[in-house]
Amino acid sequence: MSEQARESSYRGADSRGFFGPYGGAYVPETVVPALQELEAAFAKSQTDPAFAEEYETLLRDYVGRPSPLYRADRLAEAVRLGAVYLKREDLNHTGAHKINNTIGQCLLARRMGKKRVIAETGAGQHGVATATAAALLGQECAVFMGVEDIRRQALNVYKMRLLGAEVIPVDEGTGTLADAVTAAMRHWVERVRDTFYVLGSALGPHPYPTIVREFQRVIGDEAIVQLAERGVRPDAIVACVGGGSNAIGTFYPFLLASSAEDLPLLVGAEAAGKGLDTSETGASIALGDPGVMHGFFSYLLQDERGNPLEAYSISAGLDYPGIGPEHAYLHDEGLVRYVPVTDDEALVAFEQLCRTEGIIPAIESAHALALLPQLAEELGPDAIVLLTVSGRGDKDVDVVREAGIGE
Amino acid sequence: MSSADDDRSAARRGPSRSDTPGLSRAFAHGHPALVVYLMAGYPDRGRSLEALREVAAAGADLIEVGVPYSDALADGPVIVRAANESMRANDGFGLTEAIELAAQFVADPGLDEPPPVALMTYLNPILRLGPEVIAERMRAGGVGGVIIPDMPPDVAEEWLCVARPRHLDTVFLVAPTSTPERLSKAGEMSSGFVYAVSTTGVTGERSELSDEIEALVGRVRAFTTLPVAVGFGVSTPKQAEAIAGIADGVIVGSAIVKRQHDLEEMAIFVRALADAVHSTG
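Protein chains in written order, with the working numbering: chain A, 98 to 504; chain B, -1 to 279.
Calculated from the structure, these hints are not laboratory results. Note that CB positions come from ideal geometry on N, CA and C, so glycine has one too. One should not assume that every hint holds.
What the hints assert, rightly or not - Heads up, incomplete: computed chain A residues facing chain B, CB under 10 Å, no partners named:
{"#": "1", "residue": "123"}
{"#": "2", "residue": "127"}
{"#": "3", "residue": "128"}
{"#": "4", "residue": "131"}
{"#": "5", "residue": "163"}
{"#": "6", "residue": "275"}
{"#": "7", "residue": "282"}
{"#": "8", "residue": "289"}
{"#": "9", "residue": "388"}
{"#": "10", "residue": "392"}
{"#": "11", "residue": "404"}
{"#": "12", "residue": "406"}
{"#": "13", "residue": "496"}
{"#": "14", "residue": "498"}
{"#": "15", "residue": "499"}
Claimed, not checked - Partial pick of chain A residues on the chain B-facing surface, computed with a CB cut under 10 Å:
{"#": "16", "residue": "122"}
{"#": "17", "residue": "124"}
{"#": "18", "residue": "129"}
{"#": "19", "residue": "154"}
{"#": "20", "residue": "255"}
{"#": "21", "residue": "269"}
{"#": "22", "residue": "270"}
{"#": "23", "residue": "276"}
{"#": "24", "residue": "286"}
{"#": "25", "residue": "387"}
{"#": "26", "residue": "400"}
{"#": "27", "residue": "402"}
{"#": "28", "residue": "403"}
{"#": "29", "residue": "407"}
{"#": "30", "residue": "449"}
{"#": "31", "residue": "453"}
The whole structure should be built from the sequences, with the hints applied where relevant.
The structure is reproduced here in structure tokens:
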């Protein structure tokens, strides 16, 4: 294997937060100064060894990083691949990759002197992760959650309350993630002086997509080291994409470390819901058109008048009508392939991982798993695939049981 | 006054009876201006057209026509509910329909000196239909300008390139949190007037309210010669009067939309606001 011969030409956002045409900060003037303040504080934190040390210590001792890289042989055999390496974000404290970001942002909030944090949540994972970090750092915490998600994710609602957070029900639209984001942003407009908005995915106005990516890139950074220790080079890297934080956290370090020729095939699994030919879908790359929502420009499911559409997926973490702006850019540049995965395909993959490896994945992560058989077909039986298991599936057992899996 | 203030553009504006297009003429009456916000298509299209004529007759100096949008980041619950109701009642109502509504009002406002009309819309409907197409339709319909709450000056270039040649005013917002740099940018890039908004809405004592507004208006004036209108969640004529003592214009939104389903009640309320605002200064 030749050493990293060529330099990667990949760059992130420009100084105004644009990835090509995507991203930016399309927000009410009220929050512009807060975003500028956040950008400055984040930049300062990134060059402060004390911040890095505190963040890394918490990731190690509190979150349990590095997360294991596990070679899943029985799964590989079942899907006819040479090897499948699972990056086990499901083993983090609170059960998903979300905590990497919330600890980073809550530390940032503390540096900025904000004693109160707010967050939006869909499945409840980001809400729980924010409530956890806020409890750890002694911050007041309020989480906005759609009423439909509150119904679907009762356990996570209770967890947030146990952790001392206030859960604010959002009874607008379909009562799901996009409505929660809107409500959280609207609240932030009003309380911007004393409140820090902990955004949960690699989206929203600049600088959030970059901040979230930087706090999630630990996934890919660790994987590069772990693969190198074993002398393994993956042919493909797969992750699920809703807003896209675990995927960008996985892909970004590989994009930086590889020249175009060395880059493994990067694949993002987006939620097709009940199918691309139905209106119940969350596949914003496959079906969306560029537009502005929640403060950024990206692919967006929208009607002919420019209203964002309600997205659907069996997975509460993927039913978002947009996608992070860096993913939109990576799609246009042909650097990442985005593939829609239906509810049914995800359910099959969900059960398969349970049965072959004794791992119950988040239904979000099962969307990535569902792509393994077609990758085997494309890349051959010796191909090696790295896949990020973004979270564990305890939260999904009711939904999966309702779908008739495992009965 | 406005750069659009010439004969040629007035002639091009077609049906408008006023020969001074643009939004700034709302502030040229020798008294503070009452800026009224209405939701287009609420409670249905016909009654929202009547509402436009009613508030014009009741003394509004400028009318903001709100475009229903499903993801209104910067609006409170009253306006969000009215927007949803408008979209439901009309089986879809958006930017195209709002421009047509405004154009119909401009063509037949029901009085001799109608107030100018601005559209308040989020950015995505403009992008969806195409900035140039939209700007052209606004011009042709006699719309004087536009307020786009999720388009700060930093990302406004594409829009301004199609709006300026058509003499459409673009109003930018400033907030108590705005830094001098932001105030300067908004002041420089706005046309028509500058829109000052609150971060906290109306709370408590009138004197407190006045202090915060006075400080903000004073800061804005240091950066612009344009009129400064203030939207602080005004809900009573008394509050409107207090703000009129400080600013060039008083913007009233939710308190009017709350009454928009009842034209008579709404007209009485707007008349009371107009009396309060016009008696000041």
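Report the numbers of all earlier hints that the structure fails to satisfy, in ascending order. 5, 13, 14, 15, 19, 20, 30 and 31
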